[in-house]
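A.B. asks: Put together the whole structure using the sequences plus the hints.
Take a look at the letters that make up each chain.
Number of protein chains: 2
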Amino acid sequence: MVKSNPPPVYRVEFQPGAKKCLLAINSSLLDAAQQAGIPLASGCGGVGTCGQCRVIIIEGNVSDPSENEKEILSAGELDRGIRLACQARIQGDVAVRVPVSSLITGQRLQTESDVKITKGDPPVRTVAVHLPKPGREDSRSDLSRLAAGLTGVDQEKIHAGLPGIRQLSTMAREYNWNFTTLLHGNEIIGILPPGAKHAGMAIDLGTTKIAAGLYDLSSGEQLAAGGELNPQIAYGEDIISRMAYVIQHPGGDKTLSHSVREVLDTLLGDLTAQEGISRDQVAEICVVGNTAMIHLFLELPVRPLATSPFAASILSAMDVKAQDAGLTAAPGAYVHILPGIGGFVGADHVAMVLASHLDHSPHISLGIDIGTNTEIFLTHKERNFFQSVSCASGPAFEGVHISCGMRAAPGAIESVKLSSLDPVIKTIDNVPAVGVCGSGLIDITAELLRLHVIDHRGRFDRDHDLVRKGNKEFEFLLVPADLSGTKRDLVITQEDINQIQLAKGAVRAGLDIILESAGIEPTAVKEVIIAGAFGTFLNIQNAVRTGLLPVFPNAIFRQVGNAALAGAAQSLVSKQFRKRARKIAEKTHHLELTTYPDFSLRFAYGMLFPGDES
Amino acid sequence: MVKSNPPPVYRVEFQPGAKKCLLAINSSLLDAAQQAGIPLASGCGGVGTCGQCRVIIIEGNVSDPSENEKEILSAGELDRGIRLACQARIQGDVAVRVPVSSLITGQRLQTESDVKITKGDPPVRTVAVHLPKPGREDSRSDLSRLAAGLTGVDQEKIHAGLPGIRQLSTMAREYNWNFTTLLHGNEIIGILPPGAKHAGMAIDLGTTKIAAGLYDLSSGEQLAAGGELNPQIAYGEDIISRMAYVIQHPGGDKTLSHSVREVLDTLLGDLTAQEGISRDQVAEICVVGNTAMIHLFLELPVRPLATSPFAASILSAMDVKAQDAGLTAAPGAYVHILPGIGGFVGADHVAMVLASHLDHSPHISLGIDIGTNTEIFLTHKERNFFQSVSCASGPAFEGVHISCGMRAAPGAIESVKLSSLDPVIKTIDNVPAVGVCGSGLIDITAELLRLHVIDHRGRFDRDHDLVRKGNKEFEFLLVPADLSGTKRDLVITQEDINQIQLAKGAVRAGLDIILESAGIEPTAVKEVIIAGAFGTFLNIQNAVRTGLLPVFPNAIFRQVGNAALAGAAQSLVSKQFRKRARKIAEKTHHLELTTYPDFSLRFAYGMLFPGDES
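These protein sequences, in sequence, are chains U and X.
All the letters of the first sequence, read from the start, carry residue numbers 9 to 622 under our numbering.
All the letters of the second sequence, read from the start, carry residue numbers 9 to 622 under our numbering.
For the record, the hints were derived by calculation from the structure and aren't laboratory data.
Given the structure is predicted, the values throughout are model-derived calculations rather than measurements.
You can trust all of the hints, since none of them are fake.
One copy or two, either will do: identical chains are not told apart, so a pair holds if it fits within one copy or between any two.
Taking lysine to aspartate or glutamate pairs in the EDC-like style, the calculated list, with each CA pair at most 16 Å apart, reads:
#1 Lys165 to Asp327
#2 Lys591 to Glu164
#3 Lys165 to Glu195
#4 Lys389 to Glu535
#5 Lys165 to Glu594
#6 Lys595 to Glu164
#7 Lys205 to Asp224
#8 Lys477 to Asp497
#9 Lys587 to Glu164
#10 Lys262 to Asp332
C.D. replies: Structure (structure tokens):
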């Protein structure tokens, strides 16, 4: 009797970041990357034709180059160990290096918001001066000379840091004592040619994505916008793994901080270049992000933040010299960090509240920013309170741990309507579908519920026409191989549905608890702000149908896009908004979900789908 | 007829600093170093026995190794081009590298002063706290937790920079939330173990010498003191050559700044180690120096300062993070730079006035700090004015350009009394004489005048018994070779006298002009403060006899030692003294000597010696 043994399992390690995973022999390195959470680009969906998923084998055995690889890669590349991750199959323990150029970059990095940035009272102003030149009879220091030439200031208080003074002494002569002074309060932070405008950069430092905008500091007008993946992904997909990396690796704090600073500084260079202005014209930078990201950016200790009782080093607003944060702007420019509320409710949440004007809401309003971590804000005008919760919703809505999940990139299915005929599918950029992103997953789930393909517990009806038995489990065929951009079937499996339930259950539990703790019925809610990239494309009706959101019969919904970035931009150009941000941070009470009575039960309840409504 | 040609002359270049000089063939490299102003150590006075004057021949020809060199240097050293400067004689153009270890370091670096540092209101205070630990019910940020635990502060205004916050989060847990907080105003600049004292460092950043003291910030008590040569000497003996070096060499500003920062940081380490305290306990640093030195230290542009109309970048007091100045102290510690008066009258002068309390003088007082640059301060209580001048007295009183001149180091003749018998000579540390330092030069000059060896124009009386014909000119034999530590005659030449005349002429012209411009007769001066190392050992009577000083018949003289360092120390421990320093800087009118009517004539007059008075 011959009994087949299970196939051998090998270890794959990805560099940089030392992310490891275990896979069966003959699994592709692309599978391994997906399992390890490395966002490898794969335009063709893993059929070896796009050449995007190049990796370098550091050591270990993989299968011989395929015909596709021989066609796409040069002999030299193959010699250097370069392979296509989708083609190379593991034959033993393998160590692989992932070049940055092979990471997904084409994904939708939302920088837009429907929030209008109002012109404000910027923290930096420009003052044009025309100064007398130094002479034998007038050998005042450069700083005194400039101070005397500034009108409308307390000359006694005018000062400058070393980089500002250096630029003053050098450039004042270059501009023949006729120039524009950048003043941050009473501090001279830079010198510009006469008439030059001053700009600022707002940054939303997300765990996964970084969004940034360049703004005219006088008018508040957006001049340019851009985004990048957070390069710290190489050291952990979520904040917890990144903090673990820092705690376990001496110098890890510097590594992670450096990686994100480098990307931010490049973004600053790109945006100013786009707009044709110099880095010296960037007079202020405003950053928002969750508390852990801010700590990782500023190289603050994360051990206390990562372990109970999760105390942050600092939550209040702070001003750091751009130079000390690795950003090259006007010599004395500051980075303003908005205040956070708690270890798990950060400055990005405050910025969202600020941009949505939830702090000025005249009635009962909710703000929801759905992401890997979902923050919910509740305000009740009459009772004068601000409350927030944070839910660990996980990365399912980012497409992670979903069999055909992907982030919102070209080819991602973002909305779905099932009919008796073929499904009506909309992909980002209208190219052949290669996966499903968050909003698409909610649509599919809602449709599967409507058609009774799944029941309210999320179980597939095995006898349903639309259900088939897949490799391991029951599944729904969304796009057949011949129509998909990957040339493979795109399916939704039982496990996918379970992952979606976990994510939406966490959000729903947060919503139920924040309302219940305040004694507010959903009927009393007058306004629901949905922020964030996922929220922008979310079909609200389907969100309610899946139970992600309860029914808010009297509420107006506003999907505001990247409100965190908008809040950062608003605080960039207005000191008044910074005051409001401080007030929000001080006034908001953070409700700790996990210690709320019966939290687990509520979470379990939240995972269920609403009863039959069709 | 054979006529002898003059011997060939070759160029010697010293690195680092590219200092060059021309010498006749067979001159020693030690002679060259002296001519070039390189302070090469030479304990044996150049007879090849002490081995201190090691240099490295980069290129060019010198004489073969002497027997002494073969004894002192290893074969390996000789192979690497290492030679004794006193033994190697030039045979052509030579380039030489001088290791730092071969520079004079044993010289007298005055850190003492008779000025008592009064206990003050230090800019940094310590606050002991015992804080509740973070818990599930109390997850405030570390900064908020500490702010709430500080008594007697405006908690709203408490803040900290990144390095301070980093230390707080790490060390608060290490000390179990029971520690001492260092507060600079409302800024948390560091965390110390419970009960630790806080100290500060005062620095007098001289062109030639750096003097530093470590002080208890609470009591004002000096804990330790030390000094070093200013390493920038390698790039120019005087400030003008150093500024020229910076202007001519891209990156020269960084090089010079780095060199002095490194020495200061080492001094800080040495002084704290001496006292058995940690660098973290150094909570404040106060620096004085001439305006150019401050610019070179802070890496500020020097071109405007080096060229007419000599405008400084900044003259007002400033606070710079110690970290940004290359000094490792408490994480958020500041370096306070005292204000200066003008391009040539710097913070060291203000500190001297402050330490001598000249700003509070109840009558007419003078303050004189004699050095390579001599500053003079005049105050008239009734007329409520402060006046200062700066004289380019040159380095003769430092022993430079004097045939047997040397700085105040062991073996330097510091006082001389000539009698009909042998001269009575006192050397520093009472070791055999190897040269003459400034105070000795004044004594000798006064004695030579008294004995009519030189006349009031400074000319040697060729017929005088004490005058002999030297190699090139007439000279006075001070110490014969058999009594000198160098085994060579120590002589005072006609050229030496001329150099002394130039130096004292500049100082005297400054004194005459500052008094005349104010309409004050020397008889009206009630007090004369003599500051600085040279001034400490100066025989006042001889200073008057040589005409360096006029006769002040009604004045009390106070030789206060290193008053600049004392002023820095006083400002280190007292905010009140910083206010006084600002007032001095603002109130003092700087009189530009070179534009004063008949300056050259007065200078020439000042060079003369007073008529026969013996």
